[in-house]
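Student: Just so you know, the sequences run in chain order A and B.
Just so it is clear: in the first sequence, position 237 is 236 by numbering that gives the first Met the number 0, and no numbers are missing.
Just so it is clear: in the second sequence, position 185 is 184 by numbering that gives the first Met the number 0, and no numbers are missing.
These aren't lab readings, by the way, just hints derived from the structure by calculation.
Just so you know, not all the hints are guaranteed correct.
What the hints assert, rightly or not - Chain B stretches covered by chain A per the calculated footprint, using a threshold of three residues with CB under 8 Å from any CB of chain A: (1) 91 to 103; (2) 178 to 190; (3) 213 to 221; (4) 286 to 295.
As the list claims (entries may be wrong) - As a list, the in silico DSS-like pairs of lysine-lysine whose alpha-carbon atoms are at most 27 Å apart: (5) K165/B x K56/A; (6) K86/B x K227/A; (7) K165/B x K254/A; (8) K179/B x K254/A; (9) K272/A x K179/B; (10) K63/B x K227/A; (11) K86/B x K189/A.
We treat Cβ as the ideally placed atom computed from N, Cα and C, and that holds for glycine.
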Amino acid sequence: MFGKPGSTATRKISFTLALAATGVLALGACGGGDSGGNADAAKGGNSTGPITYVQGKDNSGIVQPAIDKWNAAHPDQKVTLKEQTDQADQQHDDLVQNFQAKNADYDVVSVDNIWTSEFAAKGWLQPLTGDYALDTSALLPATVNAETYNKTLYAAPTTSDGGLLYYRKDLVPTPPKTWDEMMSMCSIAKANNIDCYAGQYAQYEGLTVNVAEAINTFGGSILSEDGKTATLDTPEAKAGLDALVKGFQDGDIPKQATTYQEEQGRQSFEDGKLLFLRNWPYVYSLAKTDGSSTVKETFGVAPLPGASDGKTGASSLGGHAAGISVYSDHKKTAFEFIKFLQSEEIQKDWLTKGSAAPVISSLYDDATLVQQFPYLPELKTSIENAVPRPVTPFYPAVTKAIQDNAFSALSGSKSTDAALSDMQKSVQNAISGGQ
Amino acid sequence: MSTTSGVATGEFAQGKPPLNPGKRKSLHDGSGRKAAILIAPTIVLLAIVILYPVVSAVSQSFTKDAGLDPNTGLFVQGGFAGVQNYKLWLLQDCGSGAFSCPPGTLGSQFWTATGVTFLFTVVAVSLETVLGFTFALVMHRKFKGRAILRASVLVPWAIPTAVTAKLWYFIFAYDGIANKILGTDILWTGDGWAPKAAIIIADTWKTAPFMALLILAGLQVIDESVYEAAKMDGATAWQRFKHITLPLVKPALMVAVLFRTLDTLRMYDLPKILTGGAGDTSTLSMLVVDQVRTGFNAASALSTLTFLIVFAVAFIFIKFLGANVTEQRAPKTKKAA
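Given the sequences, and given the hints that come with them, work out the whole structure.
Tutor: Spelled out as structure tokens, the structure:
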């Protein structure tokens, strides 16, 4: 009385319906083909005129005032701000789609420094050479290196970021200079019944940041200078990853840190349950002002600890840069505008109003600014010693290779040696084209 | 005393057969052109929204992803790939033979992702079916406050999946409620079985109400008199359930199971937000999205494979398990007629 469908017609309809239901799946994956890079010389135009500046959501409200300043001085070359969402992945995909469509409306785009080489290799960013050569002498070198692909500068650094070591001044009067020194202080944490050290070790981009820091700090590297070879099968890389793995094994890094992103670590530190925390500068003002913070008066900031005395730890570099779209019709204006964005005036404004880390070296030594932002000297040290994450057009595959294998090592399901050997192979596979 | 909807569908179905041959005849005597014109926009629309994406995804899956020109450092178009993109997934062939994809590459994760997707589907849909059926039976009874219960059961289903995922993310945090209540210190978003269990629990919590609602709709069209007759004949509650409720609700049940199965097979947002793929919880859809970022054409091959898997499951459901998506009442009314 049930079960058997009536006629063949009914069955055909059911079949079509199933097809329709599953068809939705395929739709999702059809965002548009990849055009690939090509050396099309006659793209865009070298003239002046109104332009559009595209960046993620301006949460601290510092970008529009800067643009207003520019517009007041350049009435015939007005800049319009186009805000994207505040999700990094969506910003990336929005830029990709507009570049693929050769959209001339996106003149200047804000790029996260891990995207620069991908966009450059696809031929979407105007190389900053010749007419567009940028004077980078006042900038922190690491920020410039992060925007350099194939020995060519492709974007102008506008904001920077580096890791800091937050510590409990009340328990540890002088911050540790080396990793071993820090680990030896874990007995203090134990005596106070709190966790010793944590960073960001959940399986996401933050893990790549932290693992790269460990490897770079101990003198290793992920890619060779030219970006064509994976260099993870070295004793230095092993020493770096081993330091983290050993931390987990000894319980100096709590095992729940494999679920920590930035916020969980900050929460634990502010609750007074953590002796040392590796995190970004944004934590500073929150830990000082948060109602729930129990460490307001008792925490200090230091550069990341190094492998041996006299050497500071190597932070992974965060930050954004402004690139000129090759499809822009008004590249001359665009170029002047990106220089304006990294002028001392704007950089100072962005620091004071939005606590964005500047890219100009001298600002970190400005006495009035240091008074307002006491962590600036430590941040300068951090960024000066910072290493950009692997500069490669295949960054998404590289970061995945690092995350997956490092996570296995940290959670104990793979030995350091096996994880590094797999990481070496998978990173090499990623940068040879992903096929 | 019988429900009006039952009568209405009965009449509708009875009226249908004479209608159909008439229509078919009219196709031959000239007015068929009019019908073709009327139907054309729908066909065109269907072709655009269904056929084109499928065909284009399939054709792209035979193209190589762009690679780097070693001299310029710029990307160059890949050209025809043959079945390499499919070999990448099915054989985990990263260019130097089967199973040459090292751990940490997407290619090495196809079978893990397929396995975990099916695990989620089988376990979660089973749990949802049992729970949903139970809810539906409870909601079907007449008691005071039934309306409130029906409305409140739907709440988890009404919450957007992303919000659900974030909610459970906090519940399953290391110092979250789950560990406090259970008195454990499980890393729910870490490694091992815990993240898989977390996803299944969250998915079941979210979608059991949907099952309940569809099954309830099926329960409500069962004629009360059938039960009364059975009672007269001395059937026990279990016998009534087994011989009346279960068979009569089966069409609705199968549709609900089919929908949930298809949904779970393409699950993306819940595991993405809850675990981010930690502890081997990347589903096929997550793999597709990850691959889109590194190579669009290999992603097309993967989405085609996913499409085929989901299609095969849907086909099996409709062909062999009697899930009848379109004419739910037809078998019943046939007997009534």
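Student: Run every hint past the structure and note whether it holds.
Tutor: To see whether the hints hold, each was checked on the structure:
no.: 1; hint: 91 to 103; result: holds (count 6)
no.: 2; hint: 178 to 190; result: holds (count 6)
no.: 3; hint: 213 to 221; result: violated (count 0)
no.: 4; hint: 286 to 295; result: holds (count 7)
no.: 5; hint: K165/B x K56/A; result: 22 Å, holds
no.: 6; hint: K86/B x K227/A; result: 25 Å, holds
no.: 7; hint: K165/B x K254/A; result: 22 Å, holds
no.: 8; hint: K179/B x K254/A; result: 17 Å, holds
no.: 9; hint: K272/A x K179/B; result: 17 Å, holds
no.: 10; hint: K63/B x K227/A; result: 20 Å, holds
no.: 11; hint: K86/B x K189/A; result: 52 Å, violated
Checked against the numbered hints above, the structure breaks hints 3 and 11 and satisfies the rest.
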